[in-house]
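Chains as they are written, first to last, in our numbering: chain A, 28 to 117; chain B, 32 to 507.
Please note: incorrect hints may appear among the correct ones.
Said to hold, decoys possible - Straight-line Cα separation of at most 27 angstroms, DSS-like style, residue types lysine-lysine; simulated pairs: (1) K70/B / K91/B; (2) K142/B / K46/B; (3) K306/B / K328/B; (4) K142/B / K67/A; (5) K68/B / K499/B; (6) K499/B / K310/B; (7) K54/A / K124/B; (8) K70/B / K48/B; (9) K328/B / K284/B; (10) K284/B / K499/B; (11) K124/B / K50/A; (12) K54/A / K434/B; (13) K318/B / K328/B; (14) K79/A / K499/B; (15) K54/A / K328/B; (16) K79/A / K279/B; (17) K67/A / K79/A; (18) K106/A / K79/A; (19) K49/A / K318/B; (20) K114/A / K124/B; (21) K499/B / K306/B; (22) K140/B / K46/B; (23) K143/B / K46/B; (24) K124/B / K112/A; (25) K115/A / K124/B; (26) K124/B / K106/A; (27) K124/B / K48/B; (28) K434/B / K124/B.
Treat the hints as calculated values from the structure; they're not laboratory data.
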Amino acid sequence: MEIKDIESLAELARLRLSEAEKKSLQKDLESILNYIEEVKSAQVPGQTEGEKLYNIWREDQALPREYSLDLITSQFPHKEKGFLKVKKIL
Amino acid sequence: MIDLENLTIEDTHEKLKSGAYACRELLEAYLENIERKNKDLNAYLEIYEGVREQAEAAQKEFENGSATLLTGIPFAIKDNILVQGEIASAGSKILGNYRASYDAGVIKKLKKEKAILVGRTNMDEFAMGSSTETSYYGVTKNPHDPSRVPGGSSGGSAVAVAADMALAALGTETCGSVRQPSAFCGLTGLKPTYGALSRHGIIAMGNSLDQVSPFGKTVRDVEIIFEALSFHDPEDATSAPAEIRRIKASPPKKIGVPWHLFERGVEEPILANFKNSMKQLEDSGYKILDIELPFSKYSLATYYIIMPAEVSTNLSRFDGIRFGYSAEAETLEEVYRHSRGEGFGREARRRILLGTYVLSHGYYDAYYNRAVALRAEIREEILRTFAEVDLIATPTTPTLPFKLGEKLDDPVAMYLSDIFSAPANLSGVPSLALPSGKTKEGLPLSAQFMAPPFAESSLFAVGQDFEKIISYHEIS
């Protein structure tokens with residue numbers, strides 16, 4: 028793994044990293060990947076389905092909720108006239 | 032003076048019922064301990080403001096005869112469990128000012144029973160760690176030896192109970208985050224079956240693995256909490272419906288031990304103590320069988336692929352836009368990058384990148400898909416083993432509580448702390464960590480049992496036998 032790999036992962040994950048941290052993360056990731064590498068040597072028959080997964084759906088229902096609008100909007104880092112304000116998108 | 036050290040939930044309930052002391056007096060005794068000890072141990076990040084009013088409300092339940100076993104019982108709550116109106120920071124800077132807008136499913140139930148929510152406890156950031164050292168809010172120390180870690184990630188909750196700053200506590204597990212600190216602090220900790228306790232209102236780390244998990248001083252305490260909090264919650268799509276929960280487990284007799292998994296890497300006092308524990312169970316009528324779990328040796332590596340994949344996905348919601356830490360920057364893109372870069376600590380950044388890597392094009396098959404296939408094999412192998420044995424036993428951890436700072440710079444060494452925890456989280460089965468004695472130096476030792484899905488009753492049965500036959504002062 029090279030520094031430019033760390034940079035492109037950080038780009039995908041929207042994480043700003045210092046130069047020093049890129050280097051130390053490179054070292055950490057190499058050591059972790061070296062450990063998890065052992066999954067590649069496992070003989071997996073690949074027949075086992077595992078848990079049967081299925082979705083839990085329900086119809087939409089209009090129900091009163093306990094969520095406090097105030098508690099939600101008061102936490103907006105930036106707002107205007109009760110709306111969430113963000114930087115220009117386009 | 033109330034003898035907090037030896038209190039159990041049932042004793043306390045009787046005392047509150049008979050009026051030997053009031054809910055408020057009990058709470059004050061704990062608050063006094065918190066005042067005295069928390070500065071050094073750093074178990075609590077905050078004591079909830081309305082805590083005394085909660086005690087008054089609990090007292091009313093005793094007066095009008097509607098008190099339950101949990102009424103008036105002081106609980107410590109891990110900082111990733113939402114309590115409406117209170118800060119829930121998950122040990123992170125990025126959520127340092129975040130106030131929960133609703134109650135978690137388990138909190139709703141505790142409030143209904145008028146249990147006392149004392150405060151929120153320190154944890155590894157976003158529950159990522161095995162020592163409670165990755166918190167933005169400082170390290171938590173082990174009350175048995177403050178130069179050592181309490182385990183993690185639910186270290187604050189563990190220390191709150193171990194140092195008599197709460198009678199019981201809630202933590203969460205993704206991989207050992209309650210059982211491992213239970214082992215390090217001399218407590219009983221249960222990781223329930225996946226789907227048993229509601230995850231609604233828990234700040235997610237790895238959704239396919241996370242489970243709310245109680246700490247107590249005794250098996251019976253943990254059982255009482257489990258029974259109160261185990262119900263179907265429609266707000267959590269992974270909460271198990273009632274019919275799945277109803278299983279008939281006969282009293283456990285046969286215990287399988289996968290000796291081959293701990294031939295290497297387990298500290299000598301731990302192995303000796305574990306062998307002794309098995310011997311004592313055998314002497315008291317249990318059958319101990321040698322079992323093979325060939326896929327389970329890949330558990331921790333499998334976990335360290337699946338978990339970061341889920342982490343990188345989950346933590347993408349923290350972006351500095353709607354709540355939490357938001358950095359000032361020129362463009363939207365820069366707001367994301369700066370808020371996340373400054374708001375997440377080192378371990379969180381490490382796992383986000385690792386998760387991004389194992390999910391990226393070109394590596395997805397080699398890592399993520401392979402781990403998912405291995406997880407299915409591990410689960411299958413464990414369930415198959417339960418056709419032959421009632422329980423599976425291992426040491427809870429491979430090491431004794433380690434020194435503060437000892438593993439902080441070596442992520443893999445830290446991850447190995449959870450090597451025996453991973454099979455239960457990956458396969459969804461319940462697992463109980465139990466005190467099994469102390470070393471000459473007074474450090475706690477622990478044994479762990481796993482049972483089939485929803486057979487928590489088997490764990491409580493072996494746990495209560497174990498409490499009787501293991502002398503706590505025994506030196507191995």
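To see whether the hints hold, each was checked on the structure:
no., hint, in the structure
1, K70/B / K91/B, "32 angstroms, violated"
2, K142/B / K46/B, "21 angstroms, holds"
3, K306/B / K328/B, "20 angstroms, holds"
4, K142/B / K67/A, "48 angstroms, violated"
5, K68/B / K499/B, "31 angstroms, violated"
6, K499/B / K310/B, "14 angstroms, holds"
7, K54/A / K124/B, "25 angstroms, holds"
8, K70/B / K48/B, "33 angstroms, violated"
9, K328/B / K284/B, "25 angstroms, holds"
10, K284/B / K499/B, "16 angstroms, holds"
11, K124/B / K50/A, "23 angstroms, holds"
12, K54/A / K434/B, "23 angstroms, holds"
13, K318/B / K328/B, "24 angstroms, holds"
14, K79/A / K499/B, "40 angstroms, violated"
15, K54/A / K328/B, "25 angstroms, holds"
16, K79/A / K279/B, "22 angstroms, holds"
17, K67/A / K79/A, "25 angstroms, holds"
18, K106/A / K79/A, "45 angstroms, violated"
19, K49/A / K318/B, "53 angstroms, violated"
20, K114/A / K124/B, "22 angstroms, holds"
21, K499/B / K306/B, "17 angstroms, holds"
22, K140/B / K46/B, "23 angstroms, holds"
23, K143/B / K46/B, "21 angstroms, holds"
24, K124/B / K112/A, "22 angstroms, holds"
25, K115/A / K124/B, "26 angstroms, holds"
26, K124/B / K106/A, "21 angstroms, holds"
27, K124/B / K48/B, "42 angstroms, violated"
28, K434/B / K124/B, "25 angstroms, holds"
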